[in-house]
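**Q** Chains as they are written, first to last, in the numbering used here: chain V, 1 to 520; chain U, 1 to 220.
Calculated from the structure, these hints are not laboratory results.
Possibly wrong hints are sitting among the right ones.
[Claimed, not checked] Sample of chain V residues lacking proximity to chain U, with all beta carbon distances greater than 10 Å (derived): (1) Ala123; (2) Arg213; (3) Asn500.
[What the hints assert, rightly or not] For lysine-lysine, the following DSS-like pairs were computed, each having C-alpha atoms within a straight-line distance of at most 27 Å: (4) Lys132(U) - Lys89(U); (5) Lys279(V) - Lys89(U); (6) Lys195(V) - Lys56(V); (7) Lys102(U) - Lys89(U); (8) Lys317(V) - Lys89(U); (9) Lys13(V) - Lys56(V); (10) Lys56(V) - Lys21(V); (11) Lys190(V) - Lys89(U); (12) Lys279(V) - Lys476(V).
For glycine and all other residues, C-beta sits at the position ideal for the given N, C-alpha and C.
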Amino acid sequence: MTARQIVSIWLPKLAIERWEKARPDSAAAPIALVSEGTHGLVIEAVNAAAQGAGVKAGGRFADARAICPELAAQPHDAEGDAALLERLTLWCRRWGPWSALDGADGLLIDTSGAAHLFGGEAAALADMTARIGAAGYSARAAMAPTAAAAWALARYADNPGVHLEDVAATLAPLPVAALRLDGATVLLLKRLGLKTIGDLAAVPREGLVRRFRNRRDPAANPLIRIDQALGRAQEAIPALETEPPQRAFARVAEPILHVSILLPVLEGLSERLSASLRKRHRGARRLGFEAFRVDGHVARLEAELARPTRDPAHMTKLFTERLEGLEAGFGFDAFALTALWHEALDAAQPDLSGEVADDALLAGMIDRLVVRLGRRNVRVPEPRESHMPERSVRWLSAVDADLASPPRAGPNRTPRQLPLPFHQRPLRLLDSPEPISVLYITPEGVPRRFTWRRAQHEVVRVEGPERIAPEWWREKSTARLRDYYRVEDEAGGRYWIYRNGLVGDGRGGAPDWYLHGLFA
Amino acid sequence: MFHVSRLDPRAETAPDPSLDGAFAPCLQEIFPGPHPASGTGFALAQLGACDRPLLWVQERTAIREGGRPFPHGSAFGCDIIHVAASNAKNALWAMEEGLRCKALSAVIGELWGEPAALDFTATRRLAVASEKHGVPAFLLRIGGAPNLSGARQRWRIGPAPSPPHRWNPAAPGTAAFSAELFRSRTRAPASWTLHHDGAANRLDLAPEAGDRALGESQAG
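Here chain V stands alone, though its shape is the one from the complex:
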């Protein structure tokens, strides 16, 4: 297994840069962002002019005023900074699948195995600082095998960068403060004469263990911190999660072997998932039901919904029928119902007569059809711009089609299907045109008799041809034009047949005939 690659990004001037970005026309006067402390205003961040005058973050505003009399105070917005950092952290997932907030001015990204997508580790790191810089924030980024080492490099190294090999040597010249120790511990180490991480690492381990054995807090125990930095101890860092997954889980004491007992469990899960969705004003669009078998097998069912729902009865019904198909084996002892995909859904109430809205009924029916027959088998036609009959309709899955959208409902709706004003089209179209043998007087003339599915049809009346030329922008050059005829046989059957090609059009032999549609 290759080593992990953790990137730590430090945004040292996040607060002041955000403040300046919001006020592009602010004067170059010295400004300090202050917050209310126990003993008066405390400086949180300073701009370049104030820094030039010797004002430092962390001090009191009154003291800074003594050094720089023209220093102006502006309120510091910690919540706004945190929200920005959170957005940045999520945005940084473009470089890796996992990212986490790191204090008030830093973030961590796991780019293990992803760096080659950006041209290697060094290029990825350069890309990060460049892009964050383009967004208007100065950043220092470092890559190391552990989060602690990356943190130290980003903040204290002279040239932070990629340090995946020999981390101990890289960290050695850094001050002990780079180990994320609290002030008292740093001071203590300083008094002991241990100024750098290298000094600390040179001390025999037993000595450190004895000296700090009462300190459980990692921030006060340099031994724990050095182990974390060198990857000798694991450190748990929770990833930034925007939303918890919508999932209901149930465990049963006795493994369930019979489907009939499974139903109440499913109902309970639906109720709980529905309550959780309601709290967040969400509705499920895709549901997954998992049944965990005693012997390590997991049975899964999935259902898609035409519109968001959190009706527990409907959710239960989607799976009820398919529970029969689950292989129980030695029995199921744990179950989970997950909203794999959910959308915003506001509370609605039935109208005064207690009727459920039409579109809700329709969506429920589509869901049930899709669950049993599959989404490819429940579809709605949608017109497309094409002259070719078989290409003029696209069949969309009914789950995706928005059947209940308001403009289409009611008498003033715009029809989904528009009749062609001049040409007659058949009521039914065969999936693929069927070859027929046709008797005609001249090669270019109208058909007189044709045989389709071994039955002979005498053409009594005929209208045509309606010529449909091949769509040269999407077809091969060998596609032939079609002459469509509307014919009626002696029994009154009306058919749509066409002659494929012309004599001597240079695209194959003699023209052949096909039957394509049936008129009412």
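Knowing the structure of chain V, use the given hints to seat chain U on it.
**A** This is chain U only, laid out in the frame that chain V set:
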């Protein structure tokens, strides 16, 4: 263009005054022979323009033999939801599921031949669901033969030579069907030739010559 129009019970040419109420939502079984277009047209004509979607269930064989509904070919008054069922059992289940949904204007089902799943119980379930929820159901039995069924009306529909085209005598005219009602709860069996009247946007019913049942009805 086959205009979908309502089968108007009050048309002057309607031979049977008891047509009133004959087209209340119920299960109609339609036998269109091997080519189902005329049966489809007959079912759609009864629906007229509707503002709710139409559920169209087809068995695989029915799709292969008779094609799919072609939206450009008819000003269907409503959106279609098309279901392709792998066998007759699933098709019947989908039809029943649709009939329980009041948000549909009608359910059209197409079965090929005589599948084993289509027994008296199956048709009776459809008939009851249709009447209970007020959704008309049309069961097209392509290439099927009439056997025991719970359908309230059973029709044999076939194409008929069309009336002369208005502008071009050599061309096929508007749609015409021969319709035979051979079993009904409410009316005596009879035969008609249905002509589509484009101007009035309705279907005309003309009695066939020598129709005994119809003669009795007119006499009485």
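**Q** Is the Cβ of Asn500(V) more than 10 Å away from each Cβ in chain U?
**A** Asn500(V) clear of chain U: closest Cβ-Cβ about 18 Å, beyond 10 Å.
**Q** Given the hinted pair Lys132(U) and Lys89(U), is their alpha-carbon gap at most 27 Å?
**A** With Cα atoms ~22 Å apart, Lys132(U) and Lys89(U) stay inside 27 Å; holds.
**Q** Compute the least Cβ-Cβ separation between Ala123(V) and chain U, then decide whether it is above 10 Å.
**A** holds, 51 Å
**Q** Does Lys279(V) pair with Lys89(U) here, judged by a C-alpha cut-off of 27 Å?
**A** violated, 41 Å
**Q** Check the hint pairing Lys279(V) with Lys476(V) against an upper bound of 27 Å on the C-alpha distance.
**A** violated, 56 Å
**Q** Is Lys102(U) within 27 Å of Lys89(U), Cα to Cα?
**A** holds, 22 Å
**Q** Could you grab the alpha-carbon distance between Lys13(V) and Lys56(V) and see if it respects the 27 Å cut-off?
**A** Holds, because 12 Å separates the two Cα atoms, which is no more than 27 Å.
**Q** Is the straight-line distance between the alpha-carbon of Lys195(V) and that of Lys56(V) 27 Å or less?
**A** holds, 23 Å
**Q** Hint check: Lys317(V) vs Lys89(U), CA-CA at most 27 Å. Holds or violated?
**A** Roughly 20 Å between the alpha carbons, so the hint for Lys317(V) and Lys89(U) holds.
**Q** Check the hint pairing Lys190(V) with Lys89(U) against an upper bound of 27 Å on the C-alpha distance.
**A** Given that 27 Å is the threshold and the Cα spacing comes to 83 Å, the pair is violated.
**Q** Verify the proposed pairing of Lys56(V) with Lys21(V), using a straight-line Cα cut of 27 Å.
**A** With a Cα-Cα distance of about 21 Å, the restraint between Lys56(V) and Lys21(V) holds, given a limit of 27 Å.
**Q** Just want to verify: Arg213(V) was marked as not at the interface with chain U; is every Cβ pair farther apart than 10 Å?
**A** Holds: least Cβ distance 71 Å, greater than 10 Å.
Comparing the model with each earlier hint shows violations of hints 5, 11 and 12; every other hint is respected.
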